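Student: Each chain, written out:
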Amino acid sequence: MRGIVFYAASIMAIASALLCITRRSPVASALWLVNVLFNLSVVYVLLDAHFIAAVQILVYAGAIMVLFLFVIMLLNVGRPGPTDIKGAGGKVIAAVAGLIMLGELIALSRVTLPENLGLPDGAVARMVETQGAVQVIAMPLFQQYLVPFELTSVMLLAAVVGAVVLAKKKI
Amino acid sequence: MFLAPSLVISAILFTIGVVGVLLRRNAIVIFICVELMLNAVNLTFIALSRQLGLDGQVFVFFVMTVAAAEAAVGLAIIIALYRHRDTVNLDDINLLRG
Numbered sequence: 000m001r002g003i004v005f006y007a008a009s010i011m012a013i014a015s016a017l018l019c020i021t022r023r024s025p026v027a028s029a030l031w032l033v034n035v036l037f038n039l040s041v042v043y044v045l046l047d048a049h050f051i052a053a054v055q056i057l058v059y060a061g062a063i064m065v066l067f068l069f070v071i072m073l074l075n076v077g078r079p080g081p082t083d084i085k086g087a088g089g090k091v092i093a094a095v096a097g098l099i100m101l102g103e104l105i106a107l108s109r110v111t112l113p114e115n116l117g118l119p120d121g122a123v124a125r126m127v128e129t130q131g132a133v134q135v136i137a138m139p140l141f142q143q144y145l146v147p148f149e150l151t152s153v154m155l156l157a158a159v160v161g162a163v164v165l166a167k168k169k170i
Numbered sequence: 000m001f002l003a004p005s006l007v008i009s010a011i012l013f014t015i016g017v018v019g020v021l022l023r024r025n026a027i028v029i030f031i032c033v034e035l036m037l038n039a040v041n042l043t044f045i046a047l048s049r050q051l052g053l054d055g056q057v058f059v060f061f062v063m064t065v066a067a068a069e070a071a072v073g074l075a076i077i078i079a080l081y082r083h084r085d086t087v088n089l090d091d092i093n094l095l096r097g
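In the order they appear, the protein sequences are chains U and Y. Mapping of the first sequence onto numbering that gives the first Met the number 0: residues 0 to 170, in sequence order. Mapping of the second sequence onto numbering that gives the first Met the number 0: residues 0 to 97, in sequence order.
Same shape as in the complex, but just chain U (with noise of 0.2 Å):
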């Protein structure tokens, strides 16, 4: 049962990529990637990553995307007017490079890890049953990560303030 639901998302979820790409108006290419996203949670969920599978829909689906379409309605660019993928070069171009980056990350998905960095199979599963889906990440993410953790939050604020900066009237 596992195995049939995690390959129908992840089937969906390359379905909705290639379709995300090659959809000629903005919005279509950000709904399909919202699309890519839900599936890639329900994958999050089969791995044992729950928190992460909630975040993602949270943080990326509700928050991102948001941003991304309002962004394309803020510029008026979500009409479908003529299409801006590249002609026949430029598709030669995208393929070659597609098929070569294909090729070496399948093949390095094809390495076996080494035995004693191993957990054992189903150790993540019953960490998160014994201590709750967000203790198992809150845990190190508070005691070993506490300062990549603060720092993280310094980054946003520059964030923040660098995008008011630059989508002000006048740079």
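There could be a bad hint or two in this list.
What the hints assert, rightly or not - Computed footprint of chain U on chain Y; a stretch qualifies when at least three of its residues, placed anywhere within it, have a C-beta under 8 Å from a C-beta of chain U:
| # | stretch |
| --- | --- |
| 1 | 5-13 |
| 2 | 17-25 |
| 3 | 29-40 |
| 4 | 56-67 |
| 5 | 75-81 |
What the hints assert, rightly or not - In silico EDC-like links for lysine to aspartate or glutamate, alpha-carbon gap of 20 Å or less:
| # | chain 1 | residue 1 | chain 2 | residue 2 |
| --- | --- | --- | --- | --- |
| 6 | U | Lys168 | Y | Asp85 |
| 7 | U | Lys90 | Y | Asp85 |
| 8 | U | Lys167 | Y | Asp85 |
| 9 | U | Lys85 | Y | Asp90 |
| 10 | U | Lys90 | Y | Asp91 |
| 11 | U | Lys167 | Y | Glu69 |
| 12 | U | Lys85 | Y | Glu69 |
Said to hold, decoys possible - Just a sample of chain Y residues kept apart from chain U, beta carbon distances all over 10 Å, derived:
| # | residue |
| --- | --- |
| 13 | Ser48 |
| 14 | Ile92 |
| 15 | Leu94 |
| 16 | Leu95 |
| 17 | Arg96 |
These aren't lab readings, by the way, just hints derived from the structure by calculation. All values reported here derive from a predicted model rather than from experimental measurement. Quick reminder that beta carbons are idealized off the backbone N, C-alpha and C, glycines included.
Given the coordinates of chain U, assemble chain Y onto it according to the supplied hints.
Tutor: Here is chain Y on its own, set in the frame of chain U:
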């Protein structure tokens, strides 16, 4: 369980993102393709975190934060660009080409 297929799916999604960046001219769509690539990498982190410990999920958390900041700043740059050039087509924005 699911490790090898997850890595292959992530590779396919990343490649689709790269092809999208190379194929399109609209700056916003290229940005959407970059988000697709970030998500592919997140999937790799999550898949490997089941074997290598939960640090991978913490990294995904940080990647999402950086992606949010990047989206805000990048879209602000696109808005500023649109104000100056009245287009988001990257072929028309060639000031540095000479």
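Student: Hint by hint, say whether it matches the structure.
Tutor: Cross-check of the supplied hints:
Coverage of the stretch 5-13 of chain Y by chain U holds. Counting CB-CB distances below 8 Å, 9 residues qualify, and the rule asks for three or more. Figure legend: the stretch 17-25 of chain Y, annotated as covered by chain U; annotation consistent (8 residues with Cβ-Cβ distances under 8 Å, at least 3 required). Under a criterion of three residues with beta carbons nearer than 8 Å to beta carbons of chain U, the stated coverage of the stretch 29-40 of chain Y is upheld, 6 such residues being counted. For the stretch 56-67 of chain Y, the stated coverage by chain U is satisfied: 10 residues place a CB nearer than 8 Å to a CB of that chain, which reaches the threshold of 3.
By the rule of at least three residues with a Cβ nearer than 8 Å to a Cβ of chain U, the coverage given for the stretch 75-81 of chain Y holds, with 6 such residues. Pair hint lysine 168 of chain U plus aspartate 85 of chain Y holds up; C-alpha atoms about 14 Å apart against a cutoff of 20 Å. Among the hinted pairs, lysine 90 of chain U with aspartate 85 of chain Y is inconsistent with the structure: their alpha-carbon atoms are about 26 Å apart, more than 20 Å. Taking the CA atoms of lysine 167 of chain U and aspartate 85 of chain Y, the gap is about 16 Å. The hint holds against a cut of 20 Å.
In summary, the hint linking lysine 85 of chain U to aspartate 90 of chain Y is supported, as the alpha carbons are separated by about 10 Å, within the 20 Å threshold. For the proposed pair lysine 90 of chain U and aspartate 91 of chain Y, the alpha carbon gap of about 19 Å is at most 20 Å, so the pair holds. Distance hint between lysine 167 of chain U and glutamate 69 of chain Y is fulfilled; the C-alpha atoms sit about 18 Å from each other, no more than 20 Å. At roughly 25 Å between alpha-carbon atoms, lysine 85 of chain U and glutamate 69 of chain Y are farther apart than 20 Å, so this suggested pair is violated.
With 10 Å as the threshold on Cβ separation, the claim that serine 48 of chain Y sits away from chain U is violated: the shortest Cβ distance comes to roughly 7 Å. Here isoleucine 92 of chain Y stays apart from chain U, with its beta-carbon at least about 13 Å from theirs, past the 10 Å limit. Listed as a non-interface residue, leucine 94 of chain Y keeps its Cβ farther than 10 Å from every Cβ of chain U; the least gap is roughly 15 Å. Here leucine 95 of chain Y stays apart from chain U, with its beta-carbon at least about 18 Å from theirs, past the 10 Å limit.
Listed as a non-interface residue, arginine 96 of chain Y keeps its Cβ farther than 10 Å from every Cβ of chain U; the least gap is roughly 16 Å.
Hints 7, 12, 13, counting from the list given before, are not met by this structure.
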